[in-house]
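Trainee: Given only the sequences and the hints, what does the whole structure look like? Please build it.
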Amino acid sequence: MKKRWIYSGVGAIGAGALTYLLKDEKRRTDLKDKAKSFTDNIRENFQKDDNSDLPVEKAGVPEFDHTENTKMVDEGSQFGVQYYNKIKEEEAEKIQDKQNA
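First residue of the sequence shown: 1, per full-length UniProt numbering; consecutive thereafter.
Where hints are given, some of them may not hold.
Unchecked claim - Derived DSSO-like pairs (lysine-lysine); straight-line CA-CA distance at most 27 Å:
{"no.": "1", "residue 1": "Lys34", "residue 2": "Lys23"}
{"no.": "2", "residue 1": "Lys88", "residue 2": "Lys98"}
{"no.": "3", "residue 1": "Lys86", "residue 2": "Lys98"}
{"no.": "4", "residue 1": "Lys36", "residue 2": "Lys26"}
{"no.": "5", "residue 1": "Lys36", "residue 2": "Lys23"}
As the list claims (entries may be wrong) - FRET-style restraints, in silico, Cβ to Cβ:
{"no.": "6", "residue 1": "Ile42", "residue 2": "Glu91", "range": "32 to 40 Å"}
{"no.": "7", "residue 1": "Lys32", "residue 2": "Gly9", "range": "26 to 34 Å"}
{"no.": "8", "residue 1": "Gly80", "residue 2": "Phe46", "range": "25 to 33 Å"}
{"no.": "9", "residue 1": "Asp40", "residue 2": "Glu89", "range": "43 to 51 Å"}
{"no.": "10", "residue 1": "Gly16", "residue 2": "Thr39", "range": "22 to 30 Å"}
{"no.": "11", "residue 1": "Gly80", "residue 2": "Arg43", "range": "30 to 38 Å"}
{"no.": "12", "residue 1": "Trp5", "residue 2": "Glu25", "range": "31 to 39 Å"}
{"no.": "13", "residue 1": "Thr39", "residue 2": "Ala17", "range": "17 to 25 Å"}
{"no.": "14", "residue 1": "Glu44", "residue 2": "Ala17", "range": "52 to 60 Å"}
{"no.": "15", "residue 1": "Gln96", "residue 2": "Leu18", "range": "50 to 58 Å"}
{"no.": "16", "residue 1": "Phe79", "residue 2": "Leu18", "range": "45 to 53 Å"}
Source of the hints: derived by calculation from the structure; they are not laboratory data. Just so we're clear, the structure is a prediction, and the values are computed from it rather than from any experiment. Backbone N, C-alpha and C fix where the C-beta goes; we use that ideal spot for every residue, glycine too.
Mentor: If you want it as structure tokens, here you go:
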């Protein structure tokens, strides 16, 4: 029940602030321009035609100049699993130290 009152209060304050900001014509046009440029930037980032960031062309192709990577994948690299286990062990030790103190 209390959450409903909090949400209603936050909504009312937000609506009041928005009304105050949109009251003036200059502020309204500035806000529209900023919102349009923001949405345009987001659209440009999601609609990139240039996928040069992704190594898709190199994926699965054992090149001679990437022998270390090829060897690591061939051996079934366990680095990620070992790192995760190490972090979990350190967290468990910290918890035990706190409980023993």
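Trainee: Next step is simple, just say for each hint if it's right about the structure.
Mentor: Here is what the structure says about each hint:
1. Lys34 <-> Lys23: Roughly 17 Å separates the two Cα atoms, so the pair holds.
2. Lys88 <-> Lys98: Within the cut-off at roughly 15 Å; holds.
3. Lys86 <-> Lys98: Measuring from Cα to Cα gives roughly 19 Å; hence the hint holds.
4. Lys36 <-> Lys26: holds, 15 Å
5. Lys36 <-> Lys23: Given pair lysine 36, lysine 23 holds - Cα atoms ~19 Å apart, limit 27 Å.
6. Ile42 <-> Glu91: 32 to 40 Å: This hint holds: roughly 37 Å between Cβ atoms.
7. Lys32 <-> Gly9: 26 to 34 Å: Holds, at about 28 Å.
8. Gly80 <-> Phe46: 25 to 33 Å: Since glycine 80 and phenylalanine 46 have Cβ atoms about 28 Å apart, the given range 25 to 33 Å holds.
9. Asp40 <-> Glu89: 43 to 51 Å: About 48 Å separates the Cβ atoms of aspartate 40 and glutamate 89, which means 43 to 51 Å holds.
10. Gly16 <-> Thr39: 22 to 30 Å: Holds, at about 25 Å.
11. Gly80 <-> Arg43: 30 to 38 Å: Between glycine 80 and arginine 43, where Cβ atoms are some 34 Å apart, the hint holds.
12. Trp5 <-> Glu25: 31 to 39 Å: holds, 35 Å
13. Thr39 <-> Ala17: 17 to 25 Å: Holds - the Cβ-Cβ distance for threonine 39 and alanine 17, about 21 Å, lies within 17 to 25 Å.
14. Glu44 <-> Ala17: 52 to 60 Å: Given a distance of about 29 Å, which is not inside 52 to 60 Å, the answer is violated.
15. Gln96 <-> Leu18: 50 to 58 Å: holds, 52 Å
16. Phe79 <-> Leu18: 45 to 53 Å: holds, 50 Å
The structure fails hint 14 only (numbered hints given earlier).
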